[in-house]
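Undergrad: Keeping their order, the protein sequence lines are chains V and A. Going by the working numbering, the first sequence opens with residue 1, and the numbers climb by one from there. Going by the working numbering, the second sequence opens with residue 467, and the numbers climb by one from there.
Just so you know, not all the hints are guaranteed correct.
Restricting the straight-line Cα-Cα distance to at most 27 Å, the calculated cross-link-like pairs of lysine-lysine (DSS-like) are [claimed, not checked]:
no., chain 1, residue 1, chain 2, residue 2
1, A, Lys687, V, Lys278
2, V, Lys283, A, Lys687
3, V, Lys225, A, Lys625
Pair ranges (Cβ atoms, derived) [unchecked claim]:
no., chain 1, residue 1, chain 2, residue 2, range
4, A, Glu824, V, Ile286, 34 to 44 Å
5, V, Leu264, A, Glu587, 48 to 58 Å
6, A, Lys923, V, Arg217, 58 to 68 Å
7, V, Ile286, A, Ile478, 55 to 65 Å
8, V, Met380, A, Glu640, 26 to 36 Å
9, A, Arg653, V, Gln279, 52 to 62 Å
10, A, Gln968, V, Val276, 34 to 44 Å
11, A, Thr766, V, Gln279, 15 to 25 Å
12, A, Leu595, V, Asn134, 49 to 59 Å
Just so you know, these hints were derived from the structure itself, not from any lab. Here the structure is a predicted model, which is why all the values come from computation and not from measurement. Glycine included, C-beta positions come from ideal geometry on N, C-alpha and C.
Below are the chains, spelled out letter by letter.
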Amino acid sequence: MGRTVYAEERLLNYLETLGKPDAYSVGLIFGQSSDQKDYVVHLARIPFVPAADAVEDSFHSHPTNPEDNYIKSIKDLDVFYVADHAKTVTRMLPGGIWVLGMFVVGPEDCLTDNSLSQKLKSAVMAIHKSLDSNVHLSGNSPHEKLILSFNTLTKKYISKSIDTAADGFLKPADWRFAKKPTKWYHFETIVDLNTLCPIFEEENLLSLKKQLQIVIRKYAEMINKAVIVIEGEAVTNSSNPLESIMEDDKTKKNKQEEDENDKLLQVGVYIPYWPVGKQEDIKSTICEASIKVMGQLVSRVSLHEKSTCEEAANAVKQDILRSIASRLELHWDTIIVEENGFQEENVTLHEPPRRIFLQLPQNRISLSDYLYPGEVDESMIIDLFKTLLDLEISENQLQKDLEKQIDPTDLYKQNKVSNENWNAAETETKVESDKSWNIIIYVSALLTVICAIILGILLYFFQKKN
Amino acid sequence: MAPRLKVLSNVIDRFAKLNAAVTGYLYGIVYEETLTVLTFSINPVDDSDDPILPIDLQLSLPAEVDLLGILYVDQYRQDIPDAFKEIDVTDNPLLIKYSLDATEVNAFYYIHQKLEPINYEVIDESSLLQNFCYIRLQANIPFLSEEMNIMDSLQDTRKYLAAGKVGFYFNESETYLLGNDIKKDTRNMTTKELVNASKNQNNSKNSKYIPLCFVDTIDAKMFLKMSSENNLDDEPVHLFAPVVQHIKKSIKYCEMSLKIDTLALVGYNINMAQLYEILVESLCRNLRLISFSFENQLKTENMQLQLPEPIHVKPLDFGHLLTAVYPVGLTEAENQIYRRNLHRRFALDLKKPYFKKENALRFKNDKEKMVQLINPHEIITHPNQNISIVQGQYAYHHYMQDGIDDSGWGCAYRSLQTIVSWYRLQGYTNKPIPTHREIQKCLVDIGDKPSSFIGSKQWIGSTEVGYVLETLEDIPIRVLSASSGEEMATLAPDLDRHFRTQGTPVMIGGGVLAHTILGVSYDESFKNVQFLILDPHYTGPEQVNTIVNKGWCGWKKSDFWKKDAFYNMCLPQRPNKF
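Input sequences plus hints: build the corresponding full structure.
TA: What follows is the structure, encoded as structure tokens:
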């Protein structure tokens, strides 16, 4: 039996709006997948900006031009561009929501034509490969990917699923559109990221990027063995349906079920400190550099009502890691001055972009974007959601203050009091603090300049085109 | 109304061993309107080399056992003791006056700034454990600190965890105890229900022999809580999106995995929310002991820091467990000062080891692989008359163990090994059990045997056993002889005194056979003498039921001894050391 795909009705209308008699629109399918079923929560066409500008900095810089959204022929499809775009937008998805595949809207049935379907297949394969290249994003769902072809002329659609991890055969998939195909459970957790990571000798010549990758790996190790607690129930490798632990609340508050739906359920993240069999000695190391992470990450995930507890736990873990990795990647991509330039001892405070949320109005699934310190212009964010996810949003839909921007005096206070950190070696910053604030100012000033330059270039480019 | 007062019988027994006027502190549990005094410490007359404060001594006690009051032994001061100020677990601090001459215990509560006499009930340990159980928390906490700031970092870690950043898990009952994230039906559970759930699990899968002397605990594990509550009423002070500090500076770090092994003595009616707090306290006590250990190490010049490791002990007269923390790899000479302080504080003489690493208790739940059975005699029904038997623990060494086929010649070697195991398990020595070859080599080295003896299958007798104990283990011995099997019964009073004062297993050789005597029993007129025998000739597997049912370990009448044989006994003595 092939896969059954449940999608919201509005998405079918969306496909119709993309139709043009002489051009093709290609987009990505977003949703959650489980064993035999997929729940599609969103579809968004891919903007095809001229290839040269697109790849590197697609995240914060695309203006929209309706013409960019179409290609003349599927044969022209740049599969690498599609794959890269999938990776970019995956950063905006909560854990447990994936790029499930791609759709194409055009004046023919693309999946019945062998050469066209081969092309689409190769695009989906490229998406898989691209997402696989960044393990911390958990960009690939553990199930098959989808291709949906919508014929503008006949208003009919055909869909196939494809096992991108294995043979790559196309199998029929059955799409069912409904007003509200599933109920969603929404979860939130605030994760304390306080950790200290010494950079060992063999690693200290590495770039900051490489050092931050070490930090991400450390988190991955920790998060992957965490026990996730939902509604007081520790979720341990359990294939129980998620509903079974939610029932308690439902029966009690049946009347307020609507309210109940609005509530974000709290999730606990617990790291086992189990006793170990063989005790190791104290290891003493001199490190030339260390990385200390402080602060709290906000994680939100949504699970369809038939999910298992295990799927829910994995979604939480994936979200935390996806968000840690995304913000650090975005951060090191914007650092231009390589740290190795400084020879003397110093402490630099880096502020990776912080996470902001946007709830999809139809299913209240939270998408995210990352906001650099000092970045206040909402219109850019609104543009971004339009460009990358084809979402028309207004300012007040954005939740920008769940993660708060650091007030450096807070940190200074914390360093003095130093009571909020586990296994933290705090005092080094006391001495250095004056110097480090200078550097903070320096780094943020630099970032502002970079942003301004990019904006300038884009505006110039944009105007020229028009 | 003033709470009821109970005193553990062990406390009274220990009072009786005091011999000088002294002041001290009382420790116990406040539970269900009752104070139960479990132990006491004394203040040394000379304070110079004794840095342990009474409140710190509390850290060595299981969580829930707190400072309750003070002890006056032959002190008749009438002033209102300042020490009561330190007591915060009860509104009615306790004063116990003990008179050495009259061996009289008088208790008073300090109520409305006056001392009110109070009656007390004496209970024994087993009735205590009908209302309380030990919960043992074990964990390994990853710990990274700048080497210079290790003390501060430890304190930070402790405070961080104590602020609710932990969760607990009970393996046997698969119960999670997670602070604010606690499940609704777990919240209403009592400790009794937790214990029952654990026991049910255990009974169903565990039929293996576990000696009674192994401590029964409910085991808990620990989580670090990485998440915070989104609680608007109570917003954390430093809430900000993650930032990264890149510290480019040469720093010496030390990285380790802190070993937590801590106890709490918990009343059965304690609910899960209270238990959570108790376990946090238990964790903090352990972390503070670990901090003290580091502090002591840092005081020593040029010392390579060693990981502190907690052990649990139970001195012979005590009705409760104690925890001590020693750096791994520290020799007994190096931790002697610390041990001496503990002995003195708990009014223990310096004649027996109680706090050595070798004294560490064994726990029922530890899946420790022991080749030999410990104390197989524990499941035997004893004769209904006076008995005196071996004190403490020994391991049953017998034929065919350790892959050595010594059937027909190794019985005395095995009896000797059983004796050495007793000295090991009681903390007198940490040398491994000598092998047959090592025993033979020792006898050659002292000139008792020719060098061809090494590797041979010649048997040895009680004289040789004595030589080896004296030479290899520095254990003094006494010798006792019987010219015939019939005469053995007349030695019952000697053996009785041996088991009461020394308590070590006795090796007996007669004819070509060697046995181990573990106890003696007799009626009022020293008739009907019986001997508790452990037979080293057993060749079967380590199955306690077979061993006991087939009489490899059991009570034997006097006719067990051959009429025509001459018997020599080697009575190992306790060295006077601690």
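Undergrad: Each hint: holds or not?
TA: To see whether the hints hold, each was checked on the structure:
The hinted pair formed by Lys687 of chain A and Lys278 of chain V meets the criterion: a straight-line CA distance of about 16 Å does not exceed 27 Å. Using a Cα cut-off of 27 Å, the hinted pair Lys283 of chain V and Lys687 of chain A holds, with the two alpha carbons roughly 24 Å apart. About 24 Å separates the Cα atoms of Lys225 of chain V and Lys625 of chain A, which keeps this hinted pair within 27 Å; it holds. The hinted window of 34 to 44 Å between Glu824 of chain A and Ile286 of chain V holds, with their beta carbons roughly 37 Å apart.
At about 54 Å, the beta-carbon gap between Leu264 of chain V and Glu587 of chain A stays in the expected band of 48 to 58 Å. Distance hint for Lys923 of chain A and Arg217 of chain V: a CB-CB separation of about 60 Å, consistent with the stated range 58 to 68 Å. Ile286 of chain V and Ile478 of chain A have their C-beta atoms about 57 Å apart, which keeps the hinted 55 to 65 Å range intact. A C-beta distance of roughly 51 Å is found between Met380 of chain V and Glu640 of chain A, which places it outside the suggested range of 26 to 36 Å.
At roughly 35 Å, the beta carbons of Arg653 of chain A and Gln279 of chain V sit outside the given window of 52 to 62 Å. Between Gln968 of chain A and Val276 of chain V, the C-beta spacing of about 40 Å keeps the proposed range 34 to 44 Å intact. With their beta carbons about 21 Å apart, Thr766 of chain A and Gln279 of chain V fall inside the hinted range of 15 to 25 Å. In this structure the hint that Leu595 of chain A and Asn134 of chain V lie 49 to 59 Å apart at CB holds, the actual value being about 57 Å.
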